[in-house]
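What follows is each chain in one-letter form.
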Amino acid sequence: MSADEGIAYQATDLARNHREVIDAARRGSALIRDKDGLALVMAPAEETRRTREISDLALDLVRAASVMIPGGAARTAGAYGGMAWLSVLPIESQRRFFHEMSTALMVAASGATLRPVEILLGDWRATAEAWADPDTRERLLADEDTPMPSIEL
Amino acid sequence: MTPDPDTAWTIKAASARAQREWEEVNAAEPELMAALRVRLRLRPLDRSDNPNRTHRLRPPLDSKNVDGQKLPQWQHEITGAGRIHYCPDKVTRTVWVTMVNLSHPRETE
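Chains as they are written, first to last, in the numbering used here: chain A, 1 to 153; chain B, 1 to 109.
The shape of chain A in the complex, shown without the other chains (with noise of 0.2 Å):
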């Protein structure tokens, strides 16, 4: 009884069957054709959260792959969009975060939850961060050969 399924709820069914109809939503989305023919989807509502986070994300991802490409746009900041913080990241960077972004996207449209895309997504924005500032950036990358075994801290 799921839109899925094809079958279509009239506006009516909300005062009559509406118990029906909301078991249906719950059990993923019920299409309800208004009078006028307007097709109507009700869906929990965490579900159309994770679906909209999704595609933006990946709206994102496509806008900023546009300028990694060679011959692509401009590397502005303002180029990347919604990812503008990953302009500061050498290109190779940038590119291993496409691949490594994409996969976790297409995972979680698959029905899995969105936790990893989310971690994944902080840990470079961190990186991109920490990057960004010359004198963070210099310490994270040097080599540590004078540490403290002695001292706990």
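For the record, the hints were derived by calculation from the structure and aren't laboratory data. Note that beta-carbon positions come from the ideal geometry of N, C-alpha and C, so glycine has one too. Among the hints, erroneous ones may be present.
Rough simulated footprint, nothing fancy, chain A against chain B, three-plus residues with beta-carbon under 8 Å [what the hints assert, rightly or not]: (1) 41-47; (2) 57-69; (3) 89-102.
Start from chain A and add chain B according to the hints.
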């Protein structure tokens, strides 16, 4: 929560500068650093409680040589602007602190 000495990680400074920074921040924010110390001793690789504050850095900052050993590089957000960077060594269960500060000079948008 008191870390179990048999399973707790040991926290050490990867340089004299990192040690000095730890002590300075510890003097300025003792409660904050006490909580951080417990966290690093118990679960330096765990980010299940707040994945937005603990990160494993990605290339080109994903690893660092500490005393000849290539180790992964992590970051924990102590405060909104404060950061600690560290390299956990799973073999010796040592957390090598490489950098501590309370005011990150620049944040990306």
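Hints, one by one, checked against the model:
Residues of the stretch 41-47 of chain B with a Cβ under 8 Å from some Cβ of chain A number 1, which does not satisfy the need for three, so the listed coverage is violated. For a cut-off of 8 Å, the count of residues in the stretch 57-69 of chain B with a CB near a CB of chain A stands at 11, and the three-residue condition holds. Under a criterion of three residues with beta carbons nearer than 8 Å to beta carbons of chain A, the stated coverage of the stretch 89-102 of chain B is upheld, 4 such residues being counted.
The structure fails to meet hint 1 from the earlier list, while all remaining hints are met.
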